[in-house]
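J.: With the hints as your guide, set chain X with the ligands onto chain H.
Number of protein chains: 2
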Amino acid sequence: MWQLHCFPLCPFSRKVRLALAEKGIQFELQRENPWEGTDAFYALNPAGRTPVLREPDKRITLIDSQAICEYLEETVDKSPLILGTAAGRAEIRRLVALFDEQFFDEVTHPMLNERMKKRLVLRSPPDSKTLREAMRLAHEHLDYIDWLIDNRRWLAGAQMSLADFAAAAQISVADYLGGIDWSGHEEAHAWYRVMKSRPSFRPLLNEKMEGIPVPAGYADPNS
Amino acid sequence: MWQLHCFPLCPFSRKVRLALAEKGIQFELQRENPWEGTDAFYALNPAGRTPVLREPDKRITLIDSQAICEYLEETVDKSPLILGTAAGRAEIRRLVALFDEQFFDEVTHPMLNERMKKRLVLRSPPDSKTLREAMRLAHEHLDYIDWLIDNRRWLAGAQMSLADFAAAAQISVADYLGGIDWSGHEEAHAWYRVMKSRPSFRPLLNEKMEGIPVPAGYADPNS
Ligand SMILES: N[C@@H](CCC(=O)N[C@@H](CS)C(=O)NCC(=O)O)C(=O)O
Ligand SMILES: N[C@@H](CCC(=O)N[C@@H](CS)C(=O)NCC(=O)O)C(=O)O
Chain H
1 MWQLHCFPLC
11 PFSRKVRLAL
21 AEKGIQFELQ
31 RENPWEGTDA
41 FYALNPAGRT
51 PVLREPDKRI
61 TLIDSQAICE
71 YLEETVDKSP
81 LILGTAAGRA
91 EIRRLVALFD
101 EQFFDEVTHP
111 MLNERMKKRL
121 VLRSPPDSKT
131 LREAMRLAHE
141 HLDYIDWLID
151 NRRWLAGAQM
161 SLADFAAAAQ
171 ISVADYLGGI
181 DWSGHEEAHA
191 WYRVMKSRPS
201 FRPLLNEKME
211 GIPVPAGYAD
221 PNS
Chain X
1 MWQLHCFPLC
11 PFSRKVRLAL
21 AEKGIQFELQ
31 RENPWEGTDA
41 FYALNPAGRT
51 PVLREPDKRI
61 TLIDSQAICE
71 YLEETVDKSP
81 LILGTAAGRA
91 EIRRLVALFD
101 EQFFDEVTHP
111 MLNERMKKRL
121 VLRSPPDSKT
131 LREAMRLAHE
141 HLDYIDWLID
151 NRRWLAGAQM
161 SLADFAAAAQ
171 ISVADYLGGI
181 DWSGHEEAHA
191 WYRVMKSRPS
201 FRPLLNEKME
211 GIPVPAGYAD
221 PNS
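Sequences listed follow chains H and X, in order.
1 is the number of the first residue of the first sequence in UniProt numbering; add one for each residue after it.
1 is the number of the first residue of the second sequence in UniProt numbering; add one for each residue after it.
One chain only, chain H, in its complex shape (with noise of 0.2 Å):
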């Protein structure tokens, strides 16, 4: 069986736990800290990051998000993902990009640094001024999403796609640690909230990080 190497906020590995939830494709989870840097993890992905996917009876190990997500896109037939004509293809790619870079740079590593590592791993208190400028520019990207679902019917045209699960993986952490503000963006809230109620989400919605309480109405998808 297949088994994900990841840690419950991990945005990277929830797109990667979407995509195998929605292309039917069984697996485990195999707890995994990253900034702990142990040998073992090294050994297994010298970049030191998770997501790693690993099939050990097949001697699969796949590393990096996009790069297994493509794998998966070209192994399994079922619920494609990035889908559609070459161009419309490249309109998901660029659009995981930039949940996956711009908005985890601006908007999820911050709130992770500040609102996980500092509290789990250096007992060190938040920043107010990083998590503020962190939620302004989730703002913006929510600004853009709504500009996108006013003009299309899912974030990169007229089918579901890749696109939606890596936005929806990094918000949902965002989300978690508490910086997403959905007031002036009902586009954007009325997307997400379908994203919520899919059964690929259900997992993600009710696992817990150990010491960071689940905020109200995180998990819920009429909220």
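By construction, these hints were calculated from the structure, which means they are not laboratory data.
Honestly, I wouldn't trust all of these hints.
As the list claims (entries may be wrong) - Taking lysine-lysine and the DSSO-like style, the derived pairs with C-alpha atoms no more than 27 Å apart in a straight line are:
id	chain 1	residue 1	chain 2	residue 2
1	X	Lys117	H	Lys129
2	X	Lys118	H	Lys129
3	X	Lys129	H	Lys117
4	H	Lys118	X	Lys129
T.: Frame of chain H, contents of chain X with the ligands only:
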């Protein structure tokens, strides 16, 4: 004709230029300085980043170097760069991400900041501690290339692939900025000399970034 919006030292644009040249696709360069953040460029790419590849007559705009390379791979048969089995393609994409993300974050990006942005935009002196740390991390990446080349013909396996071009693109920018010291890296150096001698690499190596002198040996495939 395709138009590539970029500046001479953008490593992601270099990756795309190498892919275009290897595939024999005609294109012209459009100079873009993303740090100027012009409205026109944000209208083209809301992420405000280079590269952007456009075909105005066909109304196609492609954004994100990896989305662009996947598009080229899907639409042009010549010189496959993401090739082999699904697992082999995952290995190519893992290494592309390693160089595009970690090498860029740890080496190319700090070198660009200290040696290009501070000189041309901020008009302040480089920080020698940041430069030293980037060069130390460059050695770690070159060690990893040594190890790969000890075990494989090319970075991702038996065939030359996009992994080689992604790595060489990052290294060539760091090298232009004085960040690469080959001592102790025989294997990596031999591999890079072969990359430099490819016709697709020639235009990049002959191009200058205004205000930043080209170091000795940079463009010489024998050095
Ligand atoms: N591009 C990678 C990014 C993975 C990543 O940055 N993972 C984080 C956890 S959210 C990590 O392991 N960071 C530890 C580190 O960079 O040392 C992917 O999509 O898998
Ligand atoms: N993942 C993107 C990264 C592009 C990127 O970071 N480009 C840099 C130039 S090397 C840029 O435009 N930076 C300006 C900014 O981030 O504001 C790609 O592969 O195209």
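J.: Compare the structure with the hints numbered earlier in the document and write down the numbers of the violated ones, lowest to highest.
T.: none
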